[in-house]
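> Single-letter residue listing:
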Amino acid sequence: MAKKLNMRKRYELLTRGLGWEPTYQSKEKVFSNESYEGIKITDWSKWEDPFRLTIDAYWKYQAEKDKKLYAVMDSFAQNNAHLNLADATYVNALKLFIQGVTPLEYQAHRGFARLARQFSGEGAQIACQMQSLDELRHTQTQIHTISHYNKHFNGMHDPFHMHDRVWYLSVPKSYFDDAKSAGPFEFITSVSFAFEYLLTNLLFVPFMSGAAFNGDMATVTFGFSAQSDESRHMTLGLELIKFLLEQHEDNIPIVQGWIDKHFWRAYRVLALVSAMQDYMLPESPMSWKEAWEIYFVENAGALFNDLARYGLRMPKYHEQATAEAEHLSHQVWGTLYNYAHAASMHFWLPDEKKMDWLSEKYPNTFDKYYRPRYEMWAQMAKEGKRFQNGGLPQLCQVCQVPMLFTEVSKDDPMQISYRSSEFNGEKFHTCSDGCKDIFDHEPEKYVHAWLPVHQIFQGNCGGAAIPDILNWYHFKPEDGGDYAGSADETRWKAMHGETTGAASSDTESAEEKAAA
Amino acid sequence: MSLNIAAKEVKPLRTNFGYTARRVGENKPASRYQEAVYDIQPTCNFHYPPSWEPDKMLFDASRTAIVMQDWYSFTDPRQYYYTTYVAARAKQQEVMDSNFELIEKRNLLQGVPAAVLQQIREVLIPLRHLEYGANMNNQDICDRGYGTTITSLASFNGFDRIGMAQYLSRIALLLDENEETTLLAAKTAWLDAPVWQPLRHAMEDTFVLDDWFEIMVAQNIVLDGLIYPLVYERFIPALTAQGGGTFLMLTQFMNEWYGETVRWTNQLMKVTAAESPANAELLSAWTSQWVARLEQAVLPLAQLAFGENAAAQQVAEVKQELLARLAKQGIKV
Ligand SMILES: [Fe+2]
Ligand SMILES: [Fe+2]
Ligand SMILES: [Zn+2]
Numbered sequence: 001m002a003k004k005l006n007m008r009k010r011y012e013l014l015t016r017g018l019g020w021e022p023t024y025q026s027k028e029k030v031f032s033n034e035s036y037e038g039i040k041i042t043d044w045s046k047w048e049d050p051f052r053l054t055i056d057a058y059w060k061y062q063a064e065k066d067k068k069l070y071a072v073m074d075s076f077a078q079n080n081a082h083l084n085l086a087d088a089t090y091v092n093a094l095k096l097f098i099q100g101v102t103p104l105e106y107q108a109h110r111g112f113a114r115l116a117r118q119f120s121g122e123g124a125q126i127a128c129q130m131q132s133l134d135e136l137r138h139t140q141t142q143i144h145t146i147s148h149y150n151k152h153f154n155g156m157h158d159p160f161h162m163h164d165r166v167w168y169l170s171v172p173k174s175y176f177d178d179a180k181s182a183g184p185f186e187f188i189t190s191v192s193f194a195f196e197y198l199l200t201n202l203l204f205v206p207f208m209s210g211a212a213f214n215g216d217m218a219t220v221t222f223g224f225s226a227q228s229d230e231s232r233h234m235t236l237g238l239e240l241i242k243f244l245l246e247q248h249e250d251n252i253p254i255v256q257g258w259i260d261k262h263f264w265r266a267y268r269v270l271a272l273v274s275a276m277q278d279y280m281l282p283e284s285p286m287s288w289k290e291a292w293e294i295y296f297v298e299n300a301g302a303l304f305n306d307l308a309r310y311g312l313r314m315p316k317y318h319e320q321a322t323a324e325a326e327h328l329s330h331q332v333w334g335t336l337y338n339y340a341h342a343a344s345m346h347f348w349l350p351d352e353k354k355m356d357w358l359s360e361k362y363p364n365t366f367d368k369y370y371r372p373r374y375e376m377w378a379q380m381a382k383e384g385k386r387f388q389n390g391g392l393p394q395l396c397q398v399c400q401v402p403m404l405f406t407e408v409s410k411d412d413p414m415q416i417s418y419r420s421s422e423f424n425g426e427k428f429h430t431c432s433d434g435c436k437d438i439f440d441h442e443p444e445k446y447v448h449a450w451l452p453v454h455q456i457f458q459g460n461c462g463g464a465a466i467p468d469i470l471n472w473y474h475f476k477p478e479d480g481g482d483y484a485g486s487a488d489e490t491r492w493k494a495m496h497g498e499t500t501g502a503a504s505s506d507t508e509s510a511e512e513k514a515a516a
Numbered sequence: 001m002s003l004n005i006a007a008k009e010v011k012p013l014r015t016n017f018g019y020t021a022r023r024v025g026e027n028k029p030a031s032r033y034q035e036a037v038y039d040i041q042p043t044c045n046f047h048y049p050p051s052w053e054p055d056k057m058l059f060d061a062s063r064t065a066i067v068m069q070d071w072y073s074f075t076d077p078r079q080y081y082y083t084t085y086v087a088a089r090a091k092q093q094e095v096m097d098s099n100f101e102l103i104e105k106r107n108l109l110q111g112v113p114a115a116v117l118q119q120i121r122e123v124l125i126p127l128r129h130l131e132y133g134a135n136m137n138n139q140d141i142c143d144r145g146y147g148t149t150i151t152s153l154a155s156f157n158g159f160d161r162i163g164m165a166q167y168l169s170r171i172a173l174l175l176d177e178n179e180e181t182t183l184l185a186a187k188t189a190w191l192d193a194p195v196w197q198p199l200r201h202a203m204e205d206t207f208v209l210d211d212w213f214e215i216m217v218a219q220n221i222v223l224d225g226l227i228y229p230l231v232y233e234r235f236i237p238a239l240t241a242q243g244g245g246t247f248l249m250l251t252q253f254m255n256e257w258y259g260e261t262v263r264w265t266n267q268l269m270k271v272t273a274a275e276s277p278a279n280a281e282l283l284s285a286w287t288s289q290w291v292a293r294l295e296q297a298v299l300p301l302a303q304l305a306f307g308e309n310a311a312a313q314q315v316a317e318v319k320q321e322l323l324a325r326l327a328k329q330g331i332k333v
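Quick note, the sequences are listed as chains A and B, same order. When you line the first sequence up against our numbering, it's residues 1 to 516, in that order. When you line the second sequence up against our numbering, it's residues 1 to 333, in that order.
With beta-carbon atoms standing in for the labels, derived distance ranges: (1) ASN27/B <-> GLN415/A: 52 to 58 Å; (2) VAL297/A <-> ASP60/B: 40 to 46 Å; (3) LYS3/A <-> ARG22/B: 57 to 63 Å; (4) ALA61/B <-> PHE304/A: 41 to 47 Å; (5) PHE304/A <-> ASN27/B: 51 to 57 Å; (6) GLU101/B <-> GLU21/A: 30 to 36 Å; (7) ALA61/B <-> GLN415/A: 45 to 51 Å; (8) ASP87/A <-> ASN255/B: 54 to 60 Å; (9) GLY485/A <-> ALA61/B: 40 to 46 Å.
For lysine-lysine, the following DSS-like pairs were computed, each having C-alpha atoms within a straight-line distance of at most 27 Å: (10) LYS46/A <-> LYS187/B; (11) LYS493/A <-> LYS354/A; (12) LYS68/A <-> LYS91/B; (13) LYS4/A <-> LYS60/A; (14) LYS91/B <-> LYS67/A; (15) LYS270/B <-> LYS328/B; (16) LYS476/A <-> LYS8/B; (17) LYS65/A <-> LYS91/B; (18) LYS60/A <-> LYS91/B; (19) LYS56/B <-> LYS29/A; (20) LYS445/A <-> LYS40/A; (21) LYS9/A <-> LYS187/B.
Selected chain B positions facing chain A (Cβ under 8 Å, derived; list incomplete): (22) GLY18; (23) PRO42; (24) PRO50; (25) SER51; (26) TYR81; (27) TYR82; (28) ARG89; (29) GLN139; (30) CYS142; (31) GLN166; (32) ARG170; (33) LEU173; (34) LEU183.
Treat the hints as calculated values from the structure; they're not laboratory data. Fair warning: this is a prediction, and the values are worked out from it, not measured in the lab. Built from N, CA and C at the ideal position, the CB exists for glycine as well.
Chain A with its partners taken away, still in its complex shape (with noise of 0.2 Å):
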């Protein structure tokens, strides 16, 4: 009889040994990238995989997940379930969703291939390919659902294209970007640890809980297909701190400071979802300032609790960014509505209901500083003067978000605050002391920034005119503006059976032609 092994033998079994151990070449050579940030790994073989998943376990599992998701999505064009919606203002999550979320997921895909390659140790380097694969899944199935929505809405049509050019696409863009061109161990905190790990839920929850609560169940089951993966990533993400921390003790502040630094890059892309989640979602599960509360001061603290026995604390600033969550939303959604004609989706005065929401949700800060703002551009509104900014925005260096956020920890929320840095005689702007902090540490990364502005200004983006750049961007005349009187609008009407003066000829109802 042959003898018994349990999962985790049997596992440790099949991989047994499969390290290469190079003899020929170097191991500096092979394994080029392993060792230039300073991280020490004394051994490899201490790294016990978490998941112990074999690779025709994850054929089988994966195959399955998606023989369900693929059928929700099947059904759900077939029944043109986006009739079922709450609203088709909802919509615009999804723009935002696959302009800058979805080319995030691939670059995730390549990226933790490249630490499939350079990765010595035979349990992280599968671990690493493991998630490269399911990175390139979330890509893939994000686009097949939204395809549906693409076909019905507005503002979809080209998000890779869009991604690699519009100005409030390069605040995520440049977030990854900077993660990629770090060294490995730089880019497995920050996307598995900072973004999966720390702040994840701060993104599942408005998408995800945002789909649920506003009836686009297709959206909600591939956030769910997906959430099944990123239990995998999560772990990797906590293992691998650990597992650093563990080998030597010079790596500590090494780690630190990339968990300062990606803490930081990520909650800025955050603050973007924190607008959607408070002003776009028809129905909304919670408000990002509770969100931030459980999933981030409560959760997060309890977590760095437990990792302050190998020497970590909180990352810097987060008591920034827990004051900031009173006004972020409503910042970044007022500039938002301010540019919403160079944007590749909608944007909007919140209407009473939302307001009263909203002033309940944010006691301290709503109905003194940012209603009456509101209600200023309503009138203006009203009056044919609708409220917009026809410049140019000046961005951060680091983050690349337009200088909004304000001096909240000093007690000052109207004073919006500069930050400013020298480098080879030239100054520098940031939006804050974390992202001056990130610049001075590395001016001579962040230099290189392809701030979208700056390209503007130097010709680099179809031309000077908005006309011309927004052409470049792919965008369309009616992908972007003031929801109301949107083709968006007109469409949601028509398709709900209601016409407008807007509506084609094709959707006035049968009997109205029957009438005439």
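Mind docking chain B with the ligands on chain A? Use the hints.
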């Protein structure tokens, strides 16, 4: 009748994403494969130079000497994107599972002559390390390559290699009733036995190649083009006559895998060579260089598998098959 329903606007606004419409036409629907792969890789306006290669951009077509007007000229004849890929492999693994189960349950290894088992231990099991190296090369192509139709296949290909390394490990465990004797011996042989050293050396030399397309040729065209036919089309079937027919079942995956892989590697070579005489020349130079190196490197393995006398003939035949196959794709050596 249902006038209200007729009144509702359900006609799509457009057929396609812009990025697929530019390739298949505005009013022609794109397949899921096309949506999943065409032009989804970033191409421009990168923010920072990679710290690991500061003179290049994050995604950069100049990491190979191959030049393509359009890096999406090649598409996969199997049309694999993630879902179709895992679905295909899930079916194959089911077959493999039942093969392993049957052999275990019926004790089918018991009747196999000791000499055959010894051959399996020495020739087949160390190949798990070769598969691991092949995986490293394919992850490298996925990382540094250009164009999703190519890089995503490298990702799948690498994943398959780990899968096959694990199948080989399972065979070793089956031979040893779950002891790790053969696994350990195979590793020692791989590292030290003269028979494996030329291969291991060649493999390490592929790891440090700068040009990812050369890695593609050395690994996925030439090395696989020699190893797979030798081992899975010749060595394993030959064991049947000696009472080792069960190993056909235990390596069914590898055999089918290679037949399937050749479909896309042929297409890739064909499209790349057809692009320009310069590409065709480069491909044939790489091919002849790696064929010369690797036919020598696989010879000791062939001797172990087929005996001193037959080995050279076997290698010469698979080499001819490979060159004939490549000639059909426009690569003359
Ligand atoms: Fe993902
Ligand atoms: Fe992930
Ligand atoms: Zn900033």
